[in-house]
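Whatever position you read off the sequence shown (first residue = 1), add 958 for our numbering.
FYI, nobody ran anything at the bench for these hints, they're computed from the structure. Hints may be right or wrong, so weigh each one.
Said to hold, decoys possible - In silico EDC-like cross-links for lysine to aspartate or glutamate, where the CA-CA straight-line distance does not exceed 20 angstroms: (1) K1151 to E1127; (2) K1000 to D1030; (3) K1151 to D1184; (4) K1151 to D1198.
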Amino acid sequence: MLIDSHCHLDFPEFAADLPGVIARAEAAGVERMLTISTRVAKAGTYRAIAEAHRQVWFTVGTHPHGAAEEPDVAPETIAGLAAHPRCVGIGEAGLDYHYADAAPEAVQERVLRAHIEAARLADLPLVIHARDADDHMERVLADEMAQRPFRAVLHCFSSGARLAEAGVELGLFVSFSGIVTFRRSHELRDIAKAVPLDRILVETDAPFLAPEPHRGRTNEPAYTADTARSLAATLGLEPDDFARRTTENFFQLFAKARRTETGA
959 MLIDSHCHLD FPEFAADLPG VIARAEAAGV ERMLTISTRV AKAGTYRAIA EAHRQVWFTV
1019 GTHPHGAAEE PDVAPETIAG LAAHPRCVGI GEAGLDYHYA DAAPEAVQER VLRAHIEAAR
1079 LADLPLVIHA RDADDHMERV LADEMAQRPF RAVLHCFSSG ARLAEAGVEL GLFVSFSGIV
1139 TFRRSHELRD IAKAVPLDRI LVETDAPFLA PEPHRGRTNE PAYTADTARS LAATLGLEPD
1199 DFARRTTENF FQLFAKARRT ETGA
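Please build the complete structure, drawing on both the sequences and the hints.
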């Protein structure tokens, strides 16, 4: 099977037909999905989706776009919310300097470091968002990892090769979205080739960034299969082998999800 390791099933694009979205994903071989938090204040929404749909796990955290709205959520609060059986990760949290009206860099960094500590407290992996902040992100990750290790994934990877290398050196996983299928994403495909096969995940980031041949449409978890086929070809793997490897990688990182699957 395939797992969509990062989607946003609470977004309004899916409100009218979430059961249909999940059914289409299963029909495409995407049997499990991880719906990702953008605000700690909405933890109940993510929890409700996961409780209603056995195919879905969730995370708890504050997206960097919301860092100014939730600048001081305590790591203990985040970890406490993550104790739910179907919460398998922390985040997404990170650094995003793409927009002029983004939260101040110091605020984003403080929120990111709080989430790193929450990941340690909860013993869950952190889902990291990084955009136009490669050098700063590398410094924060290296500093925090030197203090006390934690597990994490660089999601929807579209940064430079150095951040991917640094992430791998620090033990992180790297997740690729539909961007890797775009015609002009040659550099990103080269980065994917350099990431060890046991560190690669696949995702949609739905409803954003629909892969080829669906560009221009609302992205949804079913399209994980298209990104997976493209990545498999890039890496010289058969699609079934790539699916097996990325599913195993997912459960290696999100170990709590494996326990919910097996009932352990």
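Going down the list of hints, with the structure as the test:
1. K1151 to E1127: holds, 16 angstroms
2. K1000 to D1030: Between K1000 and D1030 the Cα gap is close to 15 angstroms, so the pair holds against 20 angstroms.
3. K1151 to D1184: holds, 18 angstroms
4. K1151 to D1198: holds, 18 angstroms
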